[in-house]
Amino acid sequence: MIRHHPDSNMLLEYASGSLPWAMSLAVSAHLQLCPHCRRASEQLNEIGGGLLEDSAPQATSGAALAQLMERIDQEPQQGEPQHADSPAGEGAPVSRRNTRDDRDPALARLPQVIRKLLGGNRPLKWRRVSPALKMSRLHTGQDQYEVAFHRISRGGKVAEHDHRGREVTLVLYGSFSDADGVYSPGDFLLREPGEVHRPIATQDQECLCLSVVEAPVSVTGPLGWLVNPLLSFRPA
Amino acid sequence: QQTQTRDDDWSRLLVQVGTHRDRAAFERLFHHYAPLIKGFHYSRSVQAFSAEAADELVQEVMFRVWRKATSFDPARASANTWIYTIMRNCRIDMLRRNSRRQDADGCDVEVDDIWDESPESQPLVVLQHKRSQRDIAEGLRGLPPEQSHVLEKAYMEGKSHSEIAEELGLPLGTVKSRVRLALKKLETILSKRGAP
Ligand SMILES: [Zn+2]
Ligand SMILES: [Zn+2]
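In order, the protein sequence lines correspond to chains A and B.
Numbering of the first sequence is given in the numbering used here, commencing with residue 35 and proceeding in unit increments.
Numbering of the second sequence is given in the numbering used here, commencing with residue 33 and proceeding in unit increments.
Hints are not guaranteed to be accurate.
As the list claims (entries may be wrong) - With the Cβ distance kept under 8 Å, some of the chain B side facing chain A (calculated, not the full set):
hint	residue
1	R76
2	A80
3	V90
4	R123
5	L183
6	Y187
Please keep in mind that the hints were generated in silico from the structure rather than gathered at the bench.
Even for Gly, the Cβ is constructed at its ideal location relative to N, Cα and C.
Please build the complete structure, drawing on both the sequences and the hints.
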């Protein structure tokens, strides 16, 4: 059961389209798992619909409709064409296949948007951060936020650490706990910079999370993150 | 009541476009929605876009409305809400295209993957009594001005809470609580009106 949700302010920023791309990715994945927030987000869309209905009409150019119909005429027949670069059905392109990722139980049942993200990042490259913690950075087409999978081994303890930016964690598989509680698949956590925690995976299985961390302002180049690790571990 | 009929009317026209590729129906939708889409982004009170950019957005939104009409389901959303979501995604696309850097390309995730309203990717949501769009517009008009103002800035100008706070010279916490109060107020209005 999901106990931790994005707050209504964040859902509204998502529904109105101002929430940054990487944060929206995490909210979207949560919505694909959480009927409660899905309903809230539909209500927020309805507010958008209400504002559209109520907005002050502005005349468009007289040729606008004719131009549009011309464009429609040039459109190949048949309902809604798929994007050329995304095959119909399952979001993830199969071209970059990797059997190790395919067999990975933690990756077997992911929300659709995460599957799509995974598709573009195959094969995943895991880096060992500490004995219990591995991470795989994900390319998302933006560089203001670092997006990554983190996996904690069964019963593994992650060193106490803080983060330099706002951090969102979405549990995807297994569960972990820290001083504040236990988090299970679908749970959405927001931590402010400076908050310290020490996650521990539960004993029965390993834990996979998606994390989105606001990058420090100093990160500029596309490879900035290589020399700018976001996690600052304290000496044990 | 007049408005209520009209509201259902737009949904019916959309269904006709979806099922029969009905051009006459589409033209009526265009005449109604194109000026609203433009006004949402460019009017006396809102200038999120230049007039030219707003015109470009109108073209793109209405083109997608034509293409996607086959997936419109009047049981799930009103025409206004459905078109709003297309318009929002389109706007994110446009802003993203303009700010995109060379090296950021090559990512498989697209706007419609993140802001995905298709029923297949969603958990089943028990449909509540379907609210008419008129109730929502009325509810919005009933909000105290400082609350509707932040909602308009968020939706129509596409501003984040912190951008709104900075612009209005308010603490972030104040903007957040105005938004929450507005949502709370709308929810009571809507649930009261939603009851048969
Ligand atoms: Zn939720
Ligand atoms: Zn952490």
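Here is what the structure says about each hint:
| no. | hint | verdict |
| --- | --- | --- |
| 1 | R76 | holds, 7 Å |
| 2 | A80 | violated, 11 Å |
| 3 | V90 | holds, 6 Å |
| 4 | R123 | holds, 6 Å |
| 5 | L183 | holds, 7 Å |
| 6 | Y187 | holds, 5 Å |
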